[in-house]
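From first to last, the protein sequence lines are chains V and B.
Per our numbering, the first sequence runs over residues 1 to 327.
Per our numbering, the second sequence runs over residues 328 to 627.
Zero decoy hints are in this set.
The calculated DMTMM-like cross-link candidates involving lysine to aspartate or glutamate, where the alpha carbons are at most 25 Å apart (straight line), are:
#1 B/LYS438 <-> B/GLU378
#2 V/LYS138 <-> B/ASP586
#3 B/LYS438 <-> V/GLU236
Cβ pair distances, simulated, as ranges:
#4 B/SER588 <-> V/GLU197: 38 to 48 Å
#5 V/ASN151 <-> B/ARG415: 49 to 59 Å
#6 V/GLU197 <-> B/ARG415: 13 to 23 Å
To be clear, the hints were calculated from the coordinates, so they are not data collected in a lab.
No experiment lies behind these values; they were computed from the predicted model shown.
C-beta: ideal position from N, C-alpha, C; glycine also.
Below are the chains, spelled out letter by letter.
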Amino acid sequence: MRVHRWTPPSLFFTGSLSAIVIALFFVPLVMTDSVMQKLTSLFILVILAMMWNALAGYGGLVSVGQQAFIGIGAYGTIFLGHVHTVAPFLAMLLAALIAGAIAVVVAPILLQLRGGAFAIGTWVVAEIFAIVVALDHKLGAGTGTSFIELNYYSPHQRQQYIYWAALGTAAVLLLALFLLLRSRLGASLQAIRDDEEAAASVGVRVMTGKAILFVLAGLGCGAAGALILANQLFIEPSGIFSVDYSALMIFMVLVGGLGTFDGPIIGGIVLYVIQQQLGDNGVWYFVLLGAVAIAFALLLPRGLMGTIQDRLGLRLMPVGYRLGKKA
Amino acid sequence: MSWVNAVIHGILLGGVYALLATGLSLMFGVMRIINLAHGSLALIGAYSAYELKVHAGMSPYVALVVIIPGALVVGYVLQRTLLERSLRAGPLVPLLTTFGLLIIIGNLLLKIFSPDVHSLDPGAIGSKSWRISSELSIPAFDVLILGVAIVVLGGLQLLLTRTRIGRELRATAADPDTAELVGIDSRTVYARATAIAVATAALAGVFFGMRSTFDPASGPTQLIYAFEAVVIGGLGSLWGTLFGGIVLGVAQTVGAQVDPSYFALFGHLVFLVVLVARALLEAGTLGLPARLRIPGRAAT
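Work out the full structure: start from the sequences and follow the hints.
This is the structure:
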């Protein structure tokens with residue numbers, strides 16, 4: 001018997017995923033702006049799903065307040081790029097880091113809450129930032145604001161850069177999560193998720209593990225927020241701080257597979273297809289998302305990818321260990 | 328004088344939040360779950376009263392005779408169908424399903440009633456108030472709500488301590504497996520708890536609708552306020568809920584006195600301050616040197 005991580009299917013899948021990501025980098029050279037914009041929105045969905053899955057699937061932390069960091073990323077970009085004239089893409093990067101820094105500050109407060117209390121606690125934090133932004137006239141107050149600095153680029157150039165930024169962010173976060181889960185920390189994180197007290201009793205630092213995931217999710221959602229702003233060019237506090245983002249994240253992760261590495265990507269694609277079919281503003285759209293999410297939570301709790309993995313014994317990404325007879 | 332006025336109004340506002348938070352607190356106490364759809368269920372109560380007014384000409388008070396039994400049934404069925412399955416599926420699942428419900432209810436209300444604000448007519452008591460001085464007046468309707476909250480909390484207290492149903496609730500809350508051993512069906516007990524919780528939510532929703540306007544977005548907002556009241560008062564404690572509601576109400580009205588746009592913000596900030604204070608207390612490090620700390624506290 002030998003313990004190994006890589007299997008032929010996981011080698012194939014990881015190889016194909018890397019190939020797809022590399023191929024996607026060249027899309028802007030051949031595709032129209034509107035295709036790029038749509039793909040950008042898909043990448044943003046995948047980023048959001050990955051971050052929510054990192055929290056809930058690996059840390060057991062159900063947040064309904066990640067819109068706090070989405071909003072901070074977007075308004076941080078406005079604050080730096082519009083109010084303080086930092087170069088647009090640098091402002092986006094810095095805003096994501098600010099979101100991560102704010103996550104560092106609020107983590108010790110929120111992480112003492114458990115289960116539902118943590119969920120609503122994160123929501124309260126999102127509400128606080130929404131109110132503070134809506135009170136600030138430099139940020140456009142409650143009526144919203146545009147990221148006009150991006151108009152220095154031609155529309156085609158702008159869309160290309162945003163596309164690359166979104167794809168690059170998704171790829172970097174995917175890689176970061178991959179390495180994190182394969183590390184010693186990854187094993188302790190999953191121990192925390194499965195049984196916090198048991199993990200603590202064998203010496204796993206529970207709070208540190210959760211805090212790392214919370215900060216990573218804050219950073220990733222902040223980056224997603226900055227990208228949403230760049231992709232839409234206009235935001236308002238009630239939209240960017242809306243709990244609807246949490247609904248989208250929960251839907252994608254539950255459908256794709258909670259606690260699976262590849263599930264959020266699949267969930268992101270499913271949501272993207274639904275958005276293209278139904279339009280993403282309808283009332284029925286959200287009723288459908290809510291109903292499907294409940295159905296998955298109760299009937300197919302491992303989601304699409306988790307169920308496929310369990311049935312076929314496949315692991316598409318080598319984040320765990322497997323026993324095999326191979327010498 | 329206007330500050331005194333703000334504090335008094337805040338205390339009375341606490342009654343609204345306490346009434347709304349009672350069911351949340353009960354469900355958490357018995358099942359250790361937080362029903363994220365609690366505010367939305369309260370809102371359904373308010374919209375039902377509105378419909379009963381429009382179609383049957385019922386005043387909101389009379390409508391309660393229909394709404395409360397209806398809410399008991401809704402709560403019972405909700406538990407036996409959706410929440411029971413969720414509870415069995417693991418600790419995270421009830422959160423996910425009740426959040427799904429919140430989204431569904433909010434959007435259905437949006438579809439049926441539009442985003443416009445609605446309101447319920449509280450009758451003559453709505454405009455009545457006791458004037459203490461030129462700047463200080465006490466609105467009679469708010470006193471009524473605080474009274475209703477105290478009656479509901481007291482009634483629940485009596486139910487929990489004096490009746491068989493209450494004993495079964497407490498036994499199941501303490502240890503469902505052992506309660507099963509002595510012949511208590513925990514699923515029935517949970518369904519009763521949810522039925523009571525949804526009924527108090529609907530009651531709170533109707534009074535909330537008479538006190539101020541409401542729209543489909545009010546459900547989540549009221550959920551957050553109710554939850555803050557529960558946490559400030561101490562999770563799972565019934566009378567703590569009233570205390571938490573009052574603290575939250577006072578924080579909001581005092582905030583609004585500073586600037587009307589600070590109403591919700593001050594409430595949220597007090598909530599965070601309570602969380603931080605509690606964390607520091609538990610860590611036993613309120614900046615005090617070890618020898619000044621109360622003995623026994625530091626050990627935990």
